[in-house]
Amino acid sequence: MNSNNPEIAREVPGNTAVTDVSNRTIANFSQTFAPAGEEKLSKEPILEAVNLKKDFPLRSIKLFGPAQAVHAVEDTSLALYPGKATALVGESGSGKTTVARLLGRLHEPTGGEIRFHGEPVGNNHQSLRAYRRHVQYIFQDPFSSLNPAHGVRYHLARSLRLYGYAHNAHEEREQILALLERVNLTPADHFIDKFPHQLSGGQRQRIAIARVLAVRPSVILADEPVSMLDVSIRLDVLNLLLRLKEEDDLAFLFITHDIASARYFAEETLVMYAGQMVEGGPTEEVIQHPRHPYSQLLLSAAPDPDTMGHKKATNDAFDKRTGTKAQANMGDATPSGRGEPPSLINPPGGCRFHPRCPHAMPVCRQYRPERTNLGNGHWTHCFLYSKREEVSRASST
Amino acid sequence: MRYLFRRAGFYLIALWAAVTFNFIIPRLMPGDPAEAYIAKLQTQQITRAQIDAIRAEFGVNPHVPIWKQYLDYLNGILHGNLGISTSQFPTPVGDILKQSLPWTIGLVGAALVLSFFIGTLIGILIAWKRGSWYDTAVPPLLTFLSAIPYFWMALGLVYIFGVILNWFPTDSGYDVFNVSPGWSMDFIGSVVQHAILPVITLIIGSLAGWVLIMRNMMVTTLSEDYVLMAEAKGLSERSVMFHYAARNAILPSITSFSIALGLIVSGALLTEIVYNYPGIGYSLYKGVQSDDYALVEGCFLVIALAVIFANFLFELIYVFLDPRVRHGKK
Amino acid sequence: MQVTNITNQKTASITFLGSKKDRVSSIFRAITSNPKIAFGVSVVTFFVLIAIAAPLLTPYDPNASIVKGSLPPSWAHIFGTTGLGQDIFAQIVYGARVTLMVAFVAAIGSTILQVVMGLSSAYYGGMVDEVLSLIINVFLVLPGLPLTIVLASLASASGANKNEFVIALVLLFTSWSYGARVLRAQTLSLKEREFVAAARATGESSLLIISSEILPNEVSLIASTFVGTFVYAVGAEVALEFLGLGDTSRPSWGVILYWAQNNAALIVGKWWQFVPAGICIALLCAGLTFINFGMDELSNPRLRVERPLRRHLISRKSKAVASR
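Residue numbers (numbering that gives the first Met the number 0), protein chains in the order written: chain A, 0 to 396; chain B, 0 to 329; chain C, 0 to 323.
For the record, the hints were derived by calculation from the structure and aren't laboratory data. There could be a bad hint or two in this list.
What the hints assert, rightly or not - Sample of chain C residues with no beta-carbon within 10 Å of chain A, all distances over it, derived: (1) Leu-48; (2) Val-127; (3) Lys-190; (4) Pro-215; (5) Asn-216.
As the list claims (entries may be wrong) - On the chain C side, residues computed to face chain B include the following (Cβ under 8 Å): (6) Gly-68; (7) Leu-141; (8) Leu-144; (9) Leu-207.
This one's a predicted model, so the numbers in the text were calculated from it and none came from an experiment. Cβ atoms here follow ideal geometry from the backbone N, Cα and C, with glycine treated the same way.
Excised from the complex, chain A in its bound form (with noise of 0.2 Å):
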């Protein structure tokens, strides 16, 4: 399942398809792409997470002392775009699902905002309810998040009924026939009295995706959606996400701990650790260059026949971009941070990597750095690339 090959695409023989797909996000970034604050935005964020944090309580054993919770997710912001595909990356334990599911409401943040179309959203009932109608999840598990007891036509007719698109019988076996279709489950008639247990994986994630795509959302927060199915069928279910992008300009939160279909399938890639954001920029800026040495420990990881053998090279184009006083230090510092990611219920302060980090400061103890914008819409948490007034207003307060 952890798949370190980064060139998937590679692996299927004869497609020359993905290329094609490849250059074509990578041209379409003057577009779609719009990062925070440097440039002119040129569409307005569909939903947004501001300073997200989740503190999961702990059933305390103790009587007495301070409660103990989970930090899963630490101030995280990000911003997602219709028709733009957004990676979150990281290992498990990270907090990606996590934060999938504070986006997809189905926990509450214990800080921080969301925001759709730049609006708060609400706690009651109907703001609840108007959300989902805009914001659809797809699970990681095509075999546990269908209901074994009901069939296909029950789960697609659910989401078409709870949204009023259709009101009778008639209409609602069109429709459900249509989304088959869509999904590329054909024919449409003979899949739609099957159950759950009759269907492949595959199949079964395709169903999924059409009980999302019948909210007619505009944002879709896909948990690992290939991560459960075979490798051979992952690129056919991706391929299929990709289009539906295109056709219905749909935001996408694309969470997954495998690189290659985080650069096979979104425009831009966020690096989590231990519940925090530590990088994230454009896909391949992200994944050729990373900056923070998590993101380069876990693309180290990943082996790549294009970089075997050069990594020295890397690291010296680090020192020509950068050139402050500290990057020149680091030399051929392979990033050697060996360890676990730490418990999250009590987490390291200040930067979570500092323990396994091979370049840490004292500062990176006490205090999380801010966001540091490299350019081209680059960004990283990392004392190593903050200014030298931030890092000493940070040691001295």
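Fit chains B and C to the known structure of chain A by using the hints.
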């Protein structure tokens, strides 16, 4: 430790519920049970004191506000005052219960322990011989036996062994005509003799449960890896069976104790009635027969207390036996 | 005792999934192929039919004194007569109506209560769960039969027990807690499944999630607890009537036994007053229990699997025996 406090708290709440329940119910009954009862008794000699006792029992005392009645009641309970029996006036209910309780405890205790051991052993053996004819024949037979209502089985046994075969005595706890209570061999012998049929009745009724529980757990446990490991080490089959498999398989049986206790108490109740065995069940029955509500409620309270206490005891034992709970697995 | 039964019989798989047609045909297959269910269902159906067809089966009125005194079984009176000269066979077949009706009503009501309590406490969690669980557990700990007796005797004091639904109510009150706890446990695990989260993400309301998403997955468990409650209700009802707490003027199986005991029938050897009623009760309860066992087997495939390890152990022993 916290876990035990929490559980103790729960049992206290259960106790309180039983006590309060006893208080509330007679006062909730439609109509006026006190007057109805008094009217029924008019045919016999009834004294002023008895009438007052009855009224007090039903809480028909308009001069005292209800919350004060409740507090008085609680106070009474704590001092062991459960009211005066109206059918055996003027004996306090507490005295009647004090006499009946040991008989029931003996009966239930003996039956519980014996059926647990016998049933568990049979369960182990059957599981061991899985697939043989034991396995196919015995469980359905036991199921059928346990589906028979306790008292009907008791009646059947009374008939067969008592009336027809005359092997065992079928009435009361000891030979009331010839032997007097005391620590004499005669008395003890008589007690045992009179206890045989009731205990057997209870055992037959509850055996099926133990056998099946144990057997199911054994089957699951026998497929666990540590049993395979014991086998691979070369231990004898009996050693594996008892020291490895059974030791772990028995844990659910212990949790089942609390449910089993509830069932055996019910069974004991009915059994005592059939055999005229002088325990709490019999007192309860007599109370019901003679509309002696003080006695009825007193019996209920004592039974509830005993069951709650026994449950708590079982939980304590379970904590000691299961290392997972001891080390704080939530 | 509510226990499951592991056997190594090959049994058909029952499925509550699938279309209505699938379900009906799979239920039918399950009944016919599994001997336990077949036996149980036939027994229960037999008694239900008897109860319905009572007037056709006997010309006698169960309450009418036909002869003087208690006569042993004869061609005129298949099961003999009671101390008051009433035909016991008539009492049994008419009594079946009362016994079955009361137990059935109690079981249905209890099951509804179990479902509501168990499912809500598990799904809503938090404070609701704490409170409801506490209530469930308290009822669970209080001894059932003594409580039933107390309630029933108080009901008979006010004469309410003339109405058999009061007895049903009493039975309901004391039997719901066990099933509620079982259902709560099952619901707790179900609510963590992703399709519940998916239903929420689609925008379903809580009530609909409980009734349409979670409940259909618990149907086999609910059916099983219903049957178990039914068995308990029959037993407890008979016990209450035996103690004289039911309506002693209307014959039911328990009342037959009550009068038999009152007339000291066994001691004087008039076994026919006891035996028929007792056997009917035992058969009914056994039949229901077998239905439950059969359903356990069908819905839990693990109970049917023959573990290879067991064969291994058995064959070693038989090899050892053979080599002697």
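Okay, the hints, checked on the actual structure:
Every C-beta of chain A lies more than 10 Å from that of C/Leu-48, the closest at about 33 Å, which supports listing it as non-interface. Every beta carbon of chain A lies more than 10 Å from that of C/Val-127, the smallest distance being close to 16 Å; the non-interface claim holds. Residue-level check passed: C/Lys-190 sits 12 Å from the nearest beta carbon of chain A, beyond 10 Å. A beta-carbon of chain A comes within 10 Å of the beta-carbon of C/Pro-215; the shortest separation is about 4 Å.
Distance check for C/Asn-216 against chain A: the nearest CB is about 5 Å away, which does not clear 10 Å, and the non-interface claim fails. With a least beta-carbon distance of about 20 Å to chain B, the hint placing C/Gly-68 at the interface is violated under the 8 Å criterion. This hint holds: C/Leu-141 has a C-beta 6 Å from the nearest C-beta of chain B, less than the 8 Å allowed. Taking 8 Å as the C-beta cut-off, the interface hint given for C/Leu-144 holds, the closest approach to chain B being about 3 Å.
Checking C/Leu-207 against chain B: minimum C-beta separation of about 32 Å lies over 8 Å; hint violated.
Checked against the numbered hints listed earlier, the structure breaks hints 4, 5, 6, 9; every other hint is satisfied.
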